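S.K.: Take a look at the letters that make up each chain.
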Amino acid sequence: MSKLGYFPGCSLEHSALEYDQSSRYVCRKLGIELVELPDWSCCGAHAAHHTQHKLACALSARNLSIATTLGLGSVVAPCPACYSGLKFAQTALKNDPQLKEKFKNELKLDCNAEGKVFSLVELLSQLAPETLKAQVKVDLGELKVVAYYGCLLVRPPKLVQFDDPENPSSMDDLLTAAGVQMLPWDYKVQCCGAVLAVSNPDIQLKLSGDILQMAKLAGAEAVAVACPLCHANLDLRQAQINKYCGSKFKLPILYFTQVMGLAFGASPKELGIDKHMVAAGPLLSKAGINQA
Amino acid sequence: MKIGVFICHCGNNISAAVGVELVARHALRLPGVVCAHTIHHACSEPGQLLIQKCIREKGLNRVVIGACSPRVHEATFQRVLVQAGLNPYLLELANLREQCSWVHEDREAATRKAIDLIDMAVGKVARLQPLLSSKVDVNKRTLVIGGGIAGIQAALDVADSGHEVVLVERTPTIGGNMARMDKVFPTLDCSACILTPKMVELATHPNITLHTYSEVEQVSGFVGNFKVQIRKKARLVDMEKCTGCGACTLKCPIKAPAEFNLGLDKRGAVYIPFPQAVPHIPVIDKSICTYVLKKKCGLCQKICPTDAIAFEQQDEVLEEEFGAIIVATGYELMDWTVYGEYGHGKYKDVITSLQYERILSASGPTGGHIRRPSDGKEPEVIAIIACVGSRDAAHGRPYCSSVCCMYSAKYAMLTREHLPNSRVYIFYMDIRAYSKMYEEFVQRAQEKYGANYVRGRVSKVFERNGRLVLQGADTLLGQPVELEADLVVLAVGITGTASTIALAKKLNISHDEYGFLTESHPKLRPVESSTPGIFIAGACQSPKDIPLTVAQASSAASKVLGLISHDKLETSPLVAEVNIRRCVGCFRCLDVCPFSAIEEQVLRDGSKVARVNPALCQGCGLCSAICPPAAIALSGFTDDQLISQMEGLCSQNPV
Amino acid sequence: MSELLNELKEKVAGVLPKVTCFIGYGAGFDPLRVAPVFIRKTEDIDRLQWNRFCVHNLATYLPPHKYPPGFLFEADEKIGILLKGCDSRSVVQLLQEGIIDRRKLVIIGLPCWGMIDVTKLQGRIDINKVNRVELDEQTIMVFTNQAEVSADVSELLYDKCKACQHPNTLIYDEFMGEKRELTKDIEPFTQVSQLEQMGLSARAEFWDKQFARCIRCKACRNVCPLCYCQNQCLLDTRVPHWTKERVDAQSNRWFHLIRAFHLAGRCTDCGECARVCPMNIPINLLPMKMNQELFELFNWRAGTREGEKPPLMSFQLEEEKIS
Amino acid sequence: MQPEPRIIGFLCHWCSYAGADMAGTSRMKQPASVRIVRLPCTGRINPLLPLKALMDGADGVLISGCHPGDCHYREGNLYARRKLELLHRFLPFVGIEPKRLRYVWVSASEGARWQTIVEEFTQQVRELNQTLEGYPSEGGKASFSNEDNVSSSEDKSF
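From first to last, the protein sequence lines are chains Y, X, W and U. When we follow the working numbering, the leftmost residue of the first sequence carries the number 1, and every step to the right adds one. When we follow the working numbering, the leftmost residue of the second sequence carries the number 1001, and every step to the right adds one. When we follow the working numbering, the leftmost residue of the third sequence carries the number 2001, and every step to the right adds one. When we follow the working numbering, the leftmost residue of the fourth sequence carries the number 3001, and every step to the right adds one.
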C-alpha cells in the first residue's frame, strides 16, 4: 500500500488544484507514495457513463491498464467521480471475462483485476488511527466541522462496498483522528445538485442551500468535503445560493485533506486554502492557525 | 411370465404420429409377451373392459400400457388391474403421448421411439413384483405448536370435535401478536374483545392441555405416531398455588424493557406479560432476578400471600405421543434498523407498527393516549411509511407483507379518532386492498378520516429543530416532497422467525430463506407441510391477516381430523426395503436418508443391519443409490428393474 | 532400521498384555520379502521384522465384516497393529465409516521412508532366487548364487512412496522414532496425470488392453481394506444383476468400474490392489482418478481427517465448484 | 443420413418428468432421440446406471431433476449433483467422451427449457457420432443395434 497509482483526473489539474496539492501533501506525510499514471486520460465522467456502457468501461480501463503496465497493484483517485468510473470498469471487467478478453484483443488493454481501486478516503481509512495521530502537530480541537460525503464516495453500495451508504463515518473518523471536533448531522450523503448547476441551477442552489442550512443548524464552522464538484457547488456558488435562498452563509468549505494538512502542520497556503471563494481566514484565526 | 401389451390410439392423439399397429406387432415379438392389442381409448370403459378381459382370458400376470403420461392415468389403470384381480403394481406405462406423439413430427422416428419405449416398459414390467401396503395405528392426540390466534383456533377446532389436544407455547402466555393489537381491520372491533374469550375457552377446554413457557425439544416418529419431547421451562412460580393477584409484580425492584410492549415501557423481573394473559400467572425472568443471580432480595417470596414463588423449580421434560402436529408459530417484524435512511433506529420517535398498536391500545404503556416516546407529547403530524422491509429486493425482502396497507389505513382512522386535530400522512407504493370490505375500508380512511395518501417512497428521515423531517417523492405529482412530522410509524415487513427455522429442523419440514414454512403444494395442499402428518397454519407459512389466518387454522384442523378419523393408515408400498441377508451394516443409508426412516436393527447373531420404517420412508431412493452391495432396494425402482428397463432398450434391434 | 525394530519389539512387549493379538511384519520366503505375522504370544515377538520391504497394508485385516467371526479374530478381541502413514489412512477411513471400533485397537505408529518395489529389480537379477540382501539408507545389494546387483534405493521405491503425502502414522497410541518431515511438495496424482496425457481414444484403447488381461481373480478386491462387503459383494451376486462372471474386456471393464465407484471418496491410495494384481494391471488408477477429482471439487482426501463427512454423503445447496 | 442418436433420459418424477410432459401438452417439437426412464428422484441415481447405459451402447445420457433447493425429497438432487459431477469428470479417464453425459435441472413448468435442452444435447451427440469419438468400446460404432454388449439375450429368458 505504500506505493500506488495516482489518478488525479481533470478537476484536480484545474478547478480543484488545491485538492491535488493537499492530497499529495497528506499522503507524503503518511508515507504513501503516489505515482501519477503517465498519460492518463479522461475517466469519461458521467458523459460517457450516460452514453455507452462499453465506452465508459474502456476509458477507465485504459487508465487501469497503465497502472497494470507499471506494475502498480492499486490505484487511488481522490475525485469520487473518477473513483466511481474506475471502480465500475474494474468490476465490469472482473465479472465479464468476455469483455476483458475483448478489451485485451481489440484495444490492447490489459487490466489487472486483482488490484484495488481506492477513493482517497477509503485509502486513508486503511491506516491505523495511531498513524494519523502521530503526524498531528497542530491542535484543531476548537474547530467544529461536519463531514459531507456526497453521492459517489459511498454509493452505490454494491459497487463501492465501503462504509454505510446512509450514514457514513469514515471521513469523520479520519478528521477525528486529526484532532478536529466532528459534529453529527443528517445531510452527509444528501445530493448537492451536482451538474444540475449547469442545466437547472435553481434545483442545485436549493439543494446545496439545504446542505449549508443543515450544517449551520448542526453548529458547524466549516464543511469538509472529498469531491471537487461538491466543493464547487458549496463554495464557488455560495454567493449565488445566498442570493437564491435569501440566506447569509459564510461557511468555509474545505477539502478533508486540507483539514488534515492543517493538523499535520502545513501552512494554509501550502494547502491552497487561499484559493477558495469563501474565505477561511477568520475561521483559521479563531482556531489559532498562523496564516502566513 | 405372461405380459399383455396394450397400445392406445388416444383418439388420434397418439396414432397420428405413431404407427400403433406396428408397435403392437413388434411388442408381440418381445420375450414374455403373450398378447398385444391396440385400443382407441384405453382409459374409456370399453378400453378398460378389453384390458380386463385379456387379463382374465389370457391369464396375464404383467401389463404394459402404451398411452398417456403415468402422471395422467396411472391410478386409473391400476384400478383396472385390481378389478381384474391383479396386483396394481404389476403395471408399467409407456408414455407414448406427452413424450412421444405430441412432440415428434417425423412419423418414422416417433414410431421407432415408441417401439423403444415399449421395449423398455416390457423390460421393466417383467421384473416387477406384487407390492402390498402396510398399515399403521393412528394416535388420536394432536399437538399444536404456537399459541397465537392460529394455534388457538386450530386447537379449539380439533378439541371441539372431541379429540385430545396439547398446545405448546414458547412465551409465558398465549395470545401471540394478535393480543398486542388494538383494533383490527376491516371492522375495527377491539382485538382483545374477540381474542380473549377464545384464550379463556382454550385454557378451560376439557380436551385441551396447555403448556405455556414451554418448547418442543425433540420430535421423532412419523405420521400417526409422533413422539415429542416438550420442555416446560421453570417459571419459578407454582402454578397450582398462584392466584394471579400480581402483588409480587408490583413489589419487584428490578426493571427491564417489557417484551409485550416492545420496549415502550418496563416490567419487573417477576411479571405478567399483560393484564389478560392466559394463564394469568407471573413468571420470573431468571436472567435478571437478583435472587436467582445473587440470592439477594426475595421480596416477591415475602409478599406472596399463597407462598407460590418457587425459586427451586427446575425445567421439566415431558414425553408425549401424537398422531398429528399443527405448526402455528407465527411471525415477527424484520429488523428494520438496517435502514440507514430511517436513522438505523437512533430516533426515538421513529417506531414500528406493532409499537404503535401498543400506543393505541387502551391497555398499552400510554393507556391508549397517543403520546410519542421521546417526550410524551401528543403528536400533531403522524407519518406512516409503508413497505419498510417489504417489496424491497435491495434489503433482501422481495415479498409483500400483505397487511401493511390495511393497518396503515387503520392507523389513520384510529389516530384521527384519538386526536381529531392531528394530520396523518401515509407514504405508499401501491394500495393492496383485495379482500372482502378492504377497499371500502381504505376509501373510508381517505374520505371520512382525511388520511393523506402520498404515493412514493421516503428516501430519508432526519431530525431538524426537534422535529422529524421526511424527504421523499410524490410520484403522482412528480415532485420531491418534504414533511415535518412528530411521529413516524414504519409499516415494518413481516418475516419468519429463527425459532421457526430451528423448529422446522426438529420436525424435518422445509422452510424458505425468509423462515416461512413451505407448504406441500402452493395451491392444492396449502396447509400440509413436506412431512406427512405435520400441518402448518397462519403467518408461519407466509404473511397473512387475521381472517386468512383463522381460515387456514380451521383448514389445518380439518386436515388433522381427516387424518385421525382413521384407526389405521395405509402406507405407500413404493418404499425402500432392506435385504438383511445382504446388508453388511455400513449404515451409509442411515446417514443420507432425509427422513430418518432408517434405523439399526440387531440380529440374533449380534450383527447390526439397517431397517426401513415404511411409514417414514418417502421413497426417494437415496439409500438404494448409495448401498454398496445393493442390499437396500426401492420397490418399483430396484436396480434390477432399471437395468432390465435399460437393457430392454439397448438389446433390441430397431425396426 | 534395526534400532526401530528393537524399539518396536519393546513396544509390542508392552502392548501385548493389553491385546490378544498384534499384527506386524515377519520374515517372508526370501530376503526380499516379508509377510504379515499375527503375534499372540510373547515368545513370538522376535519374529517381528521392520525393513524396506514392509509394503503390505495391514489395515486390511481389521474390518470385522471382511472375515467371518473366528476366522481371524473373535468379535470382541482387542487388537494391536503396526501402521505406516499410508496404511493409517485406511484405518481413519474405516473409523469414519464406523466399521471398526477405536477402543478395540492399539496402534503403533512410525515414520516411513518408502518401501522398495522388488519388481523394479526384475531384469537386472532373478528376483526369485535371491539368497542375500545388504541394505543401507541409500543402496541395496542383492545376491543370488550366480550374480549380484547393487542399486539406488530411491530409484526402487514404489510409485506411491515416491508421491508419499503422509510419511508418519496419522493416528496412533504409541509412536516410535522421530517424525519424518516432507522436504518438498509432491504432486500426489502424478500417475493419473501421466495417463491423462493420452488422447481420449488412446486411453480407451489403453484400458481395453489392460482389462482384456484381467482374469477376475478378485485379488484386488480381497486385499482392499475398504472392500469389506465380504460375500455380499455386488460383484459376486446375481440379484441385482449388475455383472456377469464372463471374462472379456467389456465385462472386466465393467467389473473394475463398479469397484472404482464403490471406492469413490473412500479409497486411501494404498495401492495394494495394483500390487497384488497377478496381471500387473494398474487398477489403483481408477479410484485414484476419483480421488483427484474429489480433492479438486471438495478438498477431500479420504482417511486424512477424522470425523469429517465424506463428500458423496453430504452436499451444499450452493456448491462452490459445481456450476 | 445418420440415424437419430438414442439417448437415455433419467428424469425425476416430480419436476423434470412433469416438465417433459408439459413440453408435450404444449406440443413443443423435439428430436425423437430421448428415451425417458422415470425415477422418483435424481437421488435414486447410482452413477452406475448412466455409466451402464453408456457402456451398453446408448449414444448419450441425459439426467434431469428438480432445481437445487426444490427437490421433492428436499435434498436428493443435491446428493445426485455431487455424484454426477464426479461421474462426468471421471468418464474421460476411462476413454468415454464426457459430452455424452449431461445433467440438468428442469422444473415442472419449464417445458420450453426441456425442449431446448433436448435439442441442444441431441445436436451435441449427433456431432460426436459423426466423429465416432469417445465410444466406450473399441473402434466406435454407428448404432448399438449390432453391438455385442454386456447385456445379452440370456437376461431375457424368463
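A few of these clues could be false.
Listed below are the simulated DSS-like cross-link pairs for lysine-lysine, each with C-alpha atoms no more than 27 Å apart in a straight line [as the list claims (entries may be wrong)]:
{"hint": "1", "chain 1": "X", "residue 1": "K1294", "chain 2": "X", "residue 2": "K1241"}
{"hint": "2", "chain 1": "X", "residue 1": "K1608", "chain 2": "W", "residue 2": "K2066"}
{"hint": "3", "chain 1": "X", "residue 1": "K1608", "chain 2": "W", "residue 2": "K2129"}
{"hint": "4", "chain 1": "Y", "residue 1": "K144", "chain 2": "X", "residue 2": "K1348"}
Keep in mind that the hints were calculated from the coordinates and are not lab data. Keep in mind that this is a model prediction, so the values were computed, not measured.
S.K.: Hints the structure violates: just list their numbers, smallest first.
M.R.: Violated hint (a single one): 3; every other hint is consistent with the structure.
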